[in-house]
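So the sequence lines, in the order shown, correspond to chains P and F.
For the first sequence, the numbering used here gives the first residue as 1070, with consecutive numbering after it.
For the second sequence, the numbering used here gives the first residue as 4, with consecutive numbering after it.
Treat the hints with care, as some may be off.
[As the list claims (entries may be wrong)] Computed Cβ-Cβ distance ranges for the label pairs, DEER-style:
| no. | chain 1 | residue 1 | chain 2 | residue 2 | range |
| --- | --- | --- | --- | --- | --- |
| 1 | P | V1084 | F | R59 | 36 to 42 Å |
| 2 | P | G1151 | F | N100 | 27 to 33 Å |
| 3 | P | E1135 | F | K108 | 34 to 40 Å |
| 4 | P | R1093 | F | K151 | 27 to 33 Å |
| 5 | P | E1135 | F | G140 | 27 to 33 Å |
| 6 | F | H68 | P | Q1182 | 47 to 53 Å |
| 7 | F | K110 | P | E1142 | 54 to 60 Å |
| 8 | P | N1110 | F | Y426 | 49 to 55 Å |
Keep in mind that the hints were calculated from the coordinates and are not lab data.
All C-beta atoms, glycine included, are put in the ideal place defined by N, C-alpha and C.
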Amino acid sequence: MPRSCTLPSHPSEAVSFFHEILNRPDETLVLILGSDEVALNAREVVEAVIAENDSLFRYVNFVSVENPSLIVEELKNLMNDGVDIEDIDNFVFISISPYKNIISEAVTRTRFQLGRGSLTTAVLAAISNR
Amino acid sequence: MSLYKSLFSLLFLYIGIELHGQKVLTVTEIDMDGGTFTGQKNADINSTITLSFDQRELIKKLNAHGVKAGLPDNIKKLLDLFTDALARKQQWIRALNNTVVIYEKDKTTNLDLFLDEQSRIALEILTVIKADEKALGYFEEIGPAPWKQLTYALQKRINEIDSQIIHSTMYQDIRIRVGGRLMHNGQATPLHFEGLDNNPSGEFYEVERWRIMPTKEELEQLTALQQSIKDDPNTEFNLKQIVTSRYLSPIIDELENTLSTAWDSLRRDVNTTLESLSDHPLKTSILELRIVGEKFINSLPAKINYYKNIQKSPSFTLAGFIQSVNNDAKDFAEIRMSIIDRLKTIKQQLPNATNDVKIVVNKFITKFEKHLQLFKVNILTPSGLAFLTENKKINDAAFEFSDKVLSLSLAQLPSSSTSDLRYSGYRVAGDRVDIMLEVKKGDEVIIPERRSLTLYRIIPHIQPTVGVIFAHPLSQTAITKDVQMAPSYNLLFKGIFGISKHAKRRSPLFNTLLDTNFGVHVSSPDFDKDDIPELGFGVVASTLNDYLQFGWSYNVFLGKNYLFFGLRAPLPFMNQNVNVSSRE
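Let the sequences and hints guide you as you build the complete structure.
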């Protein structure tokens, strides 16, 4: 089954939790950012994806990040495949590749609202980033 | 025995060799009970026929004829990429599943393999969906459900590009015409297909499925039979007499003559062909054909003698006689299939042969088929065996399009079109539906396709039959011999038990000779010989296209059981008295 978890709200706990999950070499990470309605909707969509248990998402970990500012600096330290972290407030998803932890794709709120399948694209981008 | 000789001829009658390969036109039948059948030889007489057109196949064939869309290369590349990806989807799903399974067996050792495999597959998929903006847009429109998204996006883009292709100016002088006709008694009635022609809808006529009461013609037949039997001085027979009676032996003699002369001529042709083929592999197939044919011919004298000598045989029984009839019919069917298979093999091997060989063998096949047609024509004398006719194709007029059939451009051709046969006017079993598709470039026909469906009453229905029975009372009556002739009326329940509807759609034999059915029976024997017919009710089984029937019945007036076997009208000896109704 794909995993899901929530980033702790306390700053130092959030950072150490983030590093812990970055250390899992077989996991692709998808961060669900924010706490607005779009983010809530995104979390519902993710629950349905987890229930489906498709092999593409088997080793994906969906991380709920209600307060993205807690880990912005950590994200800036990771390898990046062209995603502008400064724009993080516009993103609802960020996907991170397994093992090398490369920030692979960011899905803006607009893009997600136009098409929920953008989540799949983000996951594919991260998985393919070897 | 006459029936067997006629059956032998039928072995060779129906040679339909289907060409394999992709087609533009597909014909599907939907019967009144909702059954769907595609690409069959036969259809139910009340069904709806749907024609569907494979646009990709059509474009492929046009390309093969040098007519290409003239699309930019990048669009063609996209089409190939998307079509290929759609075909590879299952592979991707399987590979991803396998990769997870392997990883989970030993996570430490297999981590790198897992990450590599996963990444490879994801990259391949990503490359496809990001190949153009529209594809990505469609991909993200639905989901998240990766495989549904993939199928949706690819199919939509492929359809869009296909549409671009068919509207290409390179196809502007391509015209397509599709039409159908119903052949009844050699007369053609055009069928109406929505969007393909302006033919008017025909008169509504549904072949009745559940008719129990006799028609006026059937009542007339029964009356005529009753009168004929009354006038006939010989209505009682011993069973053995029947086989070599004045009714059947002229037919036996005629068939024996025809058979031996035709087979001799055929054998000569086979031998001539074999001689000129030296060591070609086709020779083996033709030799096998000869062996099958000769084996059967050599088995015939014994069978014929059995039936001729029944009168002298001390061990004759009715049950044994009926058993022989059925066994011999099965033999016929098997040999027929065997011959058809061998002819198929020969035709398949032909493309690999040199031109010289092709000429010789094609000549042989044409002659062979001609002989078999002659069998059919010579054996079907007016005196008796018209009921064993297969559909005559020889005399039908060539199928030509009328000006009511629309000439459509590639873009105008619908993906499918339907015609309800119940609006094609009066039909009987054995009638045929012909469909033709023609693709023209300017004046030249570059892609012709034809299909035919023979109509039979396949789905469950009731079949009334009129005939004579030979009744054998099981207790003492005024009858001095074994059996007495009497008219009969049967209601056969067809298509309910017995041969599958699939078999009936593949071969005419299953609709005719091999079709066995059961039903209820009414007859009017005269056991007390007072010239007043009595009434009998019973059950009947029929086979050989209902021409041979047998069963048990109860004479209600006299309270006597009887067994019977019977023959169906039209009957050889009855033709002059009875109106022959159309074959049902």
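To test your reading of the hints: which numbers does this structure violate? Hints 1 and 7 contradicted; others consistent.
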